[in-house]
Amino acid sequence: MNNELYKYTLRIADDSLILGQRLSELCGHGPILEEDIALTNIALDLIGQATSLFEYAAVIQNEGKTADDLAFLRYEHEYTNVLLTEQPNGDFGQTIVRQWLFDTFRVLFYDALRHSSDEQLAAIAEKSLKETKYHCKHSSEWVIRLGDGTEESHERTQKALDLLWRYSDELFFMDETDRAMIEAKVGVDLAALQPAWMERIREVAQEATLTIPTNNWKQQGGRLGKHTEHLGFLLADLQYMQRAYPGMQW
Amino acid sequence: MVTVTDIWHWLEEVSDPEVPVLSVVDLGVVRSVKLEGNSAEIVITPTYSGCPAMRVIEEDIRAKLAEHGIEQLTVTTTLSPAWTTDWLSENGRRKLKEYGIAPPENEVDKSVLFAEPTVVPCPICDSRNTKMISQFGSTACKAHYQCNDCLEPFDYFKCLK
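Line by line, the protein sequences give chains X and P.
Here our numbering is used: the first residue of the first sequence is 85, the next is one more, and so on.
Here our numbering is used: the first residue of the second sequence is 12, the next is one more, and so on.
Derived from the structure by calculation, the hints contain no laboratory data.
Note that the Cβ used here is the ideal one computed from N, Cα and C, for glycine as well.
Among the hints, a few may not be true.
[Said to hold, decoys possible] Not close to chain P: a few residues of chain X, all C-beta gaps over 12 Å, as computed:
| hint | residue |
| --- | --- |
| 1 | Asn-87 |
| 2 | Leu-274 |
| 3 | Pro-297 |
| 4 | Gly-331 |
[Said to hold, decoys possible] With a straight-line cut-off of 30 Å between C-alpha atoms, the simulated DSSO-like cross-links for lysine-lysine are:
| hint | chain 1 | residue 1 | chain 2 | residue 2 |
| --- | --- | --- | --- | --- |
| 5 | P | Lys-172 | X | Lys-269 |
| 6 | X | Lys-243 | X | Lys-149 |
| 7 | P | Lys-106 | P | Lys-172 |
| 8 | X | Lys-221 | P | Lys-142 |
| 9 | P | Lys-75 | X | Lys-221 |
[Stated by the list, open to error] Here are some chain X residues pointing at chain P (derived, C-beta under 7 Å):
| hint | residue |
| --- | --- |
| 10 | Ala-122 |
| 11 | Asp-129 |
| 12 | Ile-131 |
| 13 | Gly-132 |
| 14 | Lys-211 |
| 15 | Lys-214 |
Here chain P stands alone, though its shape is the one from the complex (with noise of 0.2 Å):
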């Protein structure tokens, strides 16, 4: 008999398109599992609005679940309440450290224009001698960094509150 817990555990294993080292669950894109007998309803909440991941994502999840025997599946998206970076799990920061992707710091008001920039430790080498090279970076989600003692170039999961 399959419980919803089995589905949390199941969907553990569908990873992140953009950043495959985090699963749905770490990255907080997953919001509820509900079931019924044998339909499955999820709800699934963008990082950002034009997301591109979002259609595989989906498809990722009916796959996983098809493995273990269910079909009967309703993926919904949803907006509100907004995804922020505080949804991120604890597991899922660890594991873009160790993947080379910073962890989103907590950082003042985007809309504060002339504060001192957020400090980012380098996610190789820890050192805070950092610098931005991009607000925006390979994915929606990311800006580019660079390590001014190590000078390893590093992405940088942006902060979104």
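Okay, chain X solo, but in the shape it has when bound (with noise of 0.2 Å):
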């Protein structure tokens, strides 16, 4: 097996997963009926995305391990996603807060990885790039209203930026699973996308009349297996089904 190729391609699957389970918490629960539908909708694309990424890192493992397997049966400390991304919903201003600072990275990453000599990380990125930019409009669409809205949606939507601020690093962190990759011109080099990240969330941040956190504290960890508290409670909700029933199926 490829381990390095394998580590990438499960960090990957596993933003997407989690975020996208993290969205469809909401199924039900949005604040209006568009926007229920909206983020259930780009769940439904993240998890697609995940099961996707998922298959492919089942057939680089080649230890007969389904997709399934690899969502539902790891403990907290193998998923690999960044802490943003298992972040609680909150209020509807840190749901679009959170999703706008992982959109505009993801619309980056995707539009390199399907450069990437991998044939297969490559189709996968080209296919999500096209949805992701969808995304990524709604998100910040969204932020521009909230920030640029009522004092109380501004006031709310500055606090979910200065709460969520310090897990932004993390979406640019490299180690030697990276390096490995980007060698083999499979990965992506994630610092040099920092700055046009950068560039995208202050134009939308300045139309929304938002404030950039001055504080540079940050937090760092998923890639390496380390995780604030609320993974644990998300993946109880994640995995309940294939720990109680083992091997059902829908």
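Dock chain one against chain two, each of which comes alone in its own frame, and use the hints as you go.
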């Protein structure tokens, strides 16, 4: 097995799965009907992307496991999603700010990954980029509407940005796995994406009259399996059926 | 003797489970059909990554081909090249409109944030005076619009490029 490629694919898959799971918690609980539908549509795209990625990871791993085994039957420290994706939905402002920080990253990431020398990752990126652009437009427009909205919506959105900003640096976290993948022309040099990300974030924040926090205290660890307390609760929900009824199928 | 052309014809009778007015051929979901003796291979591609209809489409294709005596069938899903709304056939666009769903318009790149929204003509009265209610509609591939003239709400088959 190509261990680095496996880890690399799993990271992308975990980001998609965990954020997809978070968004799907809003099914039937969205603030308005249109947003209930929008957020769960986005959840569906993310879980679809995760499915393609887990299926590929299972092939690379070559231990006879399925995409479901990888999604449902690992322990908390074996998930390597960034901390941002596991943060709770909070109010609608928090859900949207989390999505905006992530979508803006994901558009740039997939746009670079579609040139990967790994054909399967390139195909998944090409496919996912198209739908992720819709996600990013949706979350960016909401950030503007909420930030530049009422006093209340502005205050809450700013508060969400202040809360989540500490997790934004981790989107660009790189270690030996990334370096090995960049070397093999499979992976993306995330450091090269950060200036473009910052520019897009600034552009939308300015339009939304939001202030980018100057606090440089940053949190990371997700890529190495060290998570915030929130992931365990999310996994309890996510894994319940497979843990209680092993091998059950819909 | 069954030919590849026969199989394409039969597939035109397999409708998309979420947009039943379209066949899987109109939609551009069937990428290729191969036939060797009595065993066939069909390659399909999803419109959106999370499209929940893919499994049903596969089952419907199997059922349709079984009706015509083809039991040995492999259905493979491919992601590349990625599906775009350009693959929707002219026939498909016409059927969508007749059904009350506005077919995809050419849109500016989604990453352009502050561009003017695309004008989507109303499929009922053809008015261009319409508004978007939500970018995300009843299925992953549709957005929700309303006509300001005839007031009819309608689905718009989103442009995906």
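Outcome of the hint check:
no.	hint	result
1	Asn-87	holds (24 Å)
2	Leu-274	holds (19 Å)
3	Pro-297	holds (22 Å)
4	Gly-331	holds (18 Å)
5	P:Lys-172 - X:Lys-269	holds (25 Å)
6	X:Lys-243 - X:Lys-149	violated (42 Å)
7	P:Lys-106 - P:Lys-172	holds (21 Å)
8	X:Lys-221 - P:Lys-142	holds (17 Å)
9	P:Lys-75 - X:Lys-221	violated (40 Å)
10	Ala-122	holds (4 Å)
11	Asp-129	holds (5 Å)
12	Ile-131	holds (5 Å)
13	Gly-132	holds (3 Å)
14	Lys-211	holds (4 Å)
15	Lys-214	holds (5 Å)
Violation of the numbered hints given earlier is confined to hints 6 and 9; the remaining hints are satisfied by the structure.
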